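K.L.:
Here are the chains, one letter per residue:
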Amino acid sequence: MNFFMQLLVNGICVGFLYGISAMGFVMIFKSSSVLNFAHGELIAIGAFLFLVLVTWAQLPIALSFFITLAGCFALGFIVERLFLRPLIGEPLIFVIMLTVGLAAMFKGLILLIFGGNLHTYPRFLPASLGIDYGPVNIPPVYVATLIIGITFLVLFGLFFKYSSQGIYMRSVADNQRAALSLGVHVRRVFALSWAIAALVAGMSGIVLGIINGINVHDLSSIGLKVFPVVILGGLDSIGGAIIGGIIIGLLETFTGGYISPSLRDVVPYIVLVFILMVKPYGLFGLVEIERV
Amino acid sequence: MKKLRFHPCGNFRDHYKQELAIFETDFGRLMLWIGIGLLFAAVPTLSSPYTLYVVNTVGITSIAAIGLNILVGYTGQISLGHGAFFGVGAYAAAILATSANVPFLIAVPAAGLITAMVGMIFGIPSGRLKGLYLTIATLAGQFIIEYTIIHWESLTMGTRGITLPEASLLGIRVRGDLGFFYVIFILLIAMTWIAVNIMRTRYGRAFIAIRDNDRAAEGMGIPIFQYKLLSFGISSFYAGIAGAIWAYYMISVTAEPFNLMLSVEYIAMIIIGGLGNIPGAILGATFITLLNELLRWFTGILINTNLFAGLGLNMAPLREFVFGLTIVLFILFEPRGLAEIWRILRSSFRLWPFSY
Amino acid sequence: MEDNILLQINNISVVYSDVIQVLKGVSLTVEKNHIVSLLGSNGSGKTTTLKAISGLLKPENGKVTDGTILYSGEPIQNQSPETITRAGIIQVLEGRQPFKYLTIEENLRVGTATRWGKPYRQDIDLVYRYFPALLARRKSLAGYCSGGELQMLVMGRALMAHPELLLLDEPSLGLAPLVVKEIFRIIKRINEEQGTTIVLVEQNANMALQIAHTGYVMENGKIVMEGRALDLIENPDIKEFYLGMAASGDSRSYRDVKSYRRRKRWL
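Protein chains in written order, with the working numbering: chain A, 541 to 832; chain B, 5 to 360; chain C, 135 to 401.
Worth flagging that the hints you see were computed from the coordinates, not collected in a lab.
This one's a predicted model, so the numbers in the text were calculated from it and none came from an experiment.
Keep in mind that the hints are not guaranteed to be accurate.
[What the hints assert, rightly or not] Where chain A lies over chain C, by a calculated footprint (3+ residues, C-beta under 8 angstroms):
| id | region |
| --- | --- |
| 1 | 199 to 211 |
| 2 | 228 to 236 |
| 3 | 287 to 295 |
| 4 | 358 to 367 |
Glycine residues also receive a C-beta, built at the ideal position from the N, C-alpha and C atoms.
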């Protein structure tokens, strides 16, 4: 029973991480309908930027955190501007492959600079943040993750539901031409969504780096694990991304704990195929409204 | 005597047959034959096994790339699982050849058919999904196949891999790079011919109709699900044949090469070559294979000269970077690929010096 | 007199993809607070004219290659849609293009994009006053609304931007006659109460000319006839080709060779 409880807690925490990583992905998809295969690399860039600031430049943690987020925001902006903007209106495959190409570029660059070894941050989270409750103990990182994750989630939920800029972003996702005719600054919306997504990716990179250490290969493979998560939750639902993440996290830890550790990594994709067959728009996604 | 056809100065076709013609002029057909003749005459004189290896790799890759172009370029179903299908073909051939002692001549087409079946199974989601969702489903297929290959130990020997017996064709042993060169390129020519001709039949037209507008195609009475499955089947058949030959050529197969990166490389090939263009697939396969070899050679030099050793840098990632950069540059500047560049070059040459 | 002119189009040509010339020297004048209706058959260039004004040619690879479009005296041809909408010109697209996944009210809020950050509550109430049908459905997704509701929605959405010049592209498309009547009544009211200048592209020439002050008839990318709406309604050619009445009062027939010849004369 203890084992079960610990797996449950671990699963939820890991899943929550996946959910946060998926949030940025969903953001880009929601506004510009771009499937971003470079998301794992954006996560890695965030993690490494933080690493550089904390260990090489020896800046204070909080300052490094904010500089990293700002840097990622700027990076997202630049990527959109340089690479994605010329592709507005091109067929799907080009957009997908462009992000794949970007992923290879980023990964190559990071490997060139940092190599493929595991790096770690210095410890800085207070141990008192951890929760020990009988058989269950949650390490401080996970608690911090939960706090940061929920904060971001609520902020973005409010942003998209109620703020004007959020509604403009959704309108562009919905019908670009109509948004243009009403004077919505479509290109600004795209750039903004990439910037926000990169920011969220950077944040999840930092959190993942604190938990598992920083390794390009691991971080970029998280970028692929985002797919089962977002499909489960629905490609365009931010809340769905979190819940999808938790379900996938639980599934992984329980498969790893009870069935076989090697099956752990492939289970999300098996589930993914079944979900696509049964409920293609995910648990919380929008059903395509097609009027002919 | 049959009248030779040259480029008309306008569209004077008055029969559907003329629309369907593969070669616009007899000159084009002649050039192709001369090219094939030169290829078969010149390559055997190459003494370096490395050059032959590269040529053979180009040939194998081209077969698989043509298959992917039928699915992606003509039918418009984006698949990120082609590398895994290639692996299924390789393993199918290896298992047939070792456990069942099936001869080369049967093992290769059988591997193609098995891969076609597997491809169609993973193509089933295309009945309900399109676009992004299908792409993600094929991505999942890639991971599931990879996992199965590694973990179905009783069948695939897991990570140890399988060693294949020597290939023999009608009693003649196929051995060495040159022996495989003939097999691979005769097969490539045959497969290209088949692909070009499939695209001229009603099947090919149905594929294109589905790509351009699937709902309109359905409205015209094309059973789109069957055709999508068929396209998955044909495409994986090509991958399977290529994989099987590759397994024989490499003598042993292990699971590592058939990863997502390989699938991505295949898509990169057909984009760089030109989507919906069969010669383009061959061009793209050649380009990517040569690029890979060139980068391997280049990083090898960098490491050997110890120029960067003092910095503690590992230059292997440079390959990944350049590969990514190539894809990005092609998409941004010539999304229609090498085939388009070739067409422009050719037509400007043809019209020279009066370019209007 | 000059001060009354809001929009002046001088002899513009529009070319798509550098090859296809759609407008061949179109000139028209829109006076302040007027409704101008633009009539013509399919493919005559009405929609393209609107897009040339609103800047929406650009995403479709079209360009104004010749001539000028003066809005309040300032040239606006080939500007980006963002600039033009902020200057006060809003186009309502043909075929009703709602944001399907946004609720009615969120759809309306998108209309505030040109003046982001300013209060909008009052404007929403105003739109609900013009289109009470929207109020009842304000929380439901636009994708599930009927054609008539959607037409009201897209017009209301445009009103949210406080347009000085409203370009309406076929508001009657595919709607029941009663709904069409209602829509045109509201267009008239908006023009009178808000002082919005309106350019109305229509197939339904009868309805359009009844509410318009002036009218233009386009054919093959050219203006072939212009005048006060009242005069146009009485014009025998208009009657015959657009209002569906032959000069004698009988409905016309395709076999009528004379109509063919007469049509030719305009070109």
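K.L.:
According to a criterion of three or more residues whose C-beta lies within less than 8 angstroms of a C-beta of chain A, is the region 228 to 236 of chain C covered?
P.N.:
holds (count 6)
K.L.:
With a Cβ-Cβ cutoff of 8 angstroms, does the region 199 to 211 of chain C contain at least three residues near chain A?
P.N.:
With 0 residues close enough to chain A, the hint is violated.
K.L.:
Please check whether the region 358 to 367 of chain C has three or more residues whose CB lies within less than 8 angstroms of a CB on chain A.
P.N.:
violated (count 0)
K.L.:
Report holds or violated for chain A covering the region 287 to 295 of chain C, Cβ cut-off 8 angstroms, minimum 3 residues.
P.N.:
Coverage by chain A holds for the region 287 to 295 of chain C (4 residues, Cβ < 8 angstroms).
Going down the numbered hints, you'll see the structure goes against 1, 4, while the others check out.
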